[in-house]
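Peer 1: Sequence:
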Amino acid sequence: KIGDYMKIGIFDSGVGGLTILKELIRKNKYHEYIYIGDTKNLPYGNSTIENLKKYSDTIINYFIKKRCDLVIIACGTISSNLSNYLKEKHKIKIIDIITPTIDYIVNKNYKNIGLIATNMTIQSNKIASSLTKHNINVITNPAPKLVDLIEKNLMNKKESIKILKEYLAPFQNKNLDLLILGCTQYPIIKKQISSLIKTQLYDMAYPIPSLIEDGAILKVQLYFTKLNNDILKNVINILNCKYKIEELKL
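The sequence shown begins at 1 in this note's numbering and counts up by one.
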């Protein structure tokens, strides 16, 4: 665990990482948070490793310049593909969201797990291969269009629900113990997912607060590399705290 009052950098391709920040605040992890949503380069899940390295390095260097004590990769795509690379390259404490998820599931008695995530997270095979080693059966399905639909506030449209239904089809009637929401944007539409599949949902924000000590003062600064009304709406819907928000040219 990391203690005392800290300056913590959190990043994602968009508003998804705010689900991690929300859970930290809910669990009294009061620290100074600097959040970066790289909306200019969204979605990360359909990008290339080369581009993802460039985006992540730029953001982490910004956090280092801002004297952060810790960085949380609040993105399933970056966590599953680049966490080792980033931890080795940068001289700062980094927490990814995939490792705690794997640890949590391995320590339970689960036999059948579903994973819905971005193309890049599924292709990395990090979650599935780690769980298979522990004799856990894993069914995976990529959902390439979801992040964009969530970020643009389109998930209440009939067409969007139809797409979501198709993405969830491989998990139906499979006797799953758990469906991992392998992208931090997905908990934003937990209600829609729950209405379509009767399986326990796993939010990757769940184990993160246990890795950080309680703090005393909460300060939240949000940056987005491209700011628009959809982002502002999503932030209001997700966060229930005081924050400053502005566009950041990286």
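A portion of the hints provided could be inaccurate.
[What the hints assert, rightly or not] Once the Cα atoms are required to be at most 20 Å apart in a straight line, the calculated SDA-like pairs of lysine to any residue come out as:
| id | residue 1 | residue 2 |
| --- | --- | --- |
| 1 | Lys-162 | Asn-141 |
| 2 | Lys-152 | Lys-89 |
| 3 | Lys-54 | Lys-93 |
| 4 | Lys-158 | Ser-130 |
| 5 | Lys-7 | Tyr-62 |
| 6 | Lys-65 | Lys-89 |
| 7 | Lys-190 | Asn-153 |
| 8 | Lys-27 | Leu-70 |
| 9 | Lys-233 | Glu-247 |
| 10 | Lys-244 | Lys-89 |
| 11 | Lys-198 | Leu-168 |
| 12 | Lys-54 | Asn-119 |
| 13 | Lys-108 | Pro-209 |
| 14 | Lys-27 | Ile-217 |
| 15 | Lys-89 | Asp-57 |
Everything labelled a hint here was simulated from the structure, so no lab data went into it. On a predicted model such as this, the values are computed, not experimentally measured, just so you know.
Peer 1: Hints first: check each against the structure and report whether it holds.
Peer 2: Comparing the hints with the structure gives:
1. Lys-162 with Asn-141: 16 Å, holds
2. Lys-152 with Lys-89: Judged against 20 Å, a Cα distance of about 34 Å means the pair is violated.
3. Lys-54 with Lys-93: 19 Å, holds
4. Lys-158 with Ser-130: Roughly 36 Å between the alpha carbons, so the hint for Lys-158 and Ser-130 is violated.
5. Lys-7 with Tyr-62: Holds - the C-alpha atoms of Tyr-62 and Lys-7 are around 13 Å apart, at most 20 Å.
6. Lys-65 with Lys-89: Between Lys-65 and Lys-89 the Cα gap is close to 15 Å, so the pair holds against 20 Å.
7. Lys-190 with Asn-153: With a Cα-Cα distance of about 14 Å, the restraint between Lys-190 and Asn-153 holds, given a limit of 20 Å.
8. Lys-27 with Leu-70: 18 Å, holds
9. Lys-233 with Glu-247: 15 Å, holds
10. Lys-244 with Lys-89: 30 Å, violated
11. Lys-198 with Leu-168: 11 Å, holds
12. Lys-54 with Asn-119: Roughly 19 Å separates the two Cα atoms, so the pair holds.
13. Lys-108 with Pro-209: 19 Å, holds
14. Lys-27 with Ile-217: 13 Å, holds
15. Lys-89 with Asp-57: 9 Å, holds
In the structure shown, a violation is registered for the earlier hints numbered 2, 4, 10, in ascending order.
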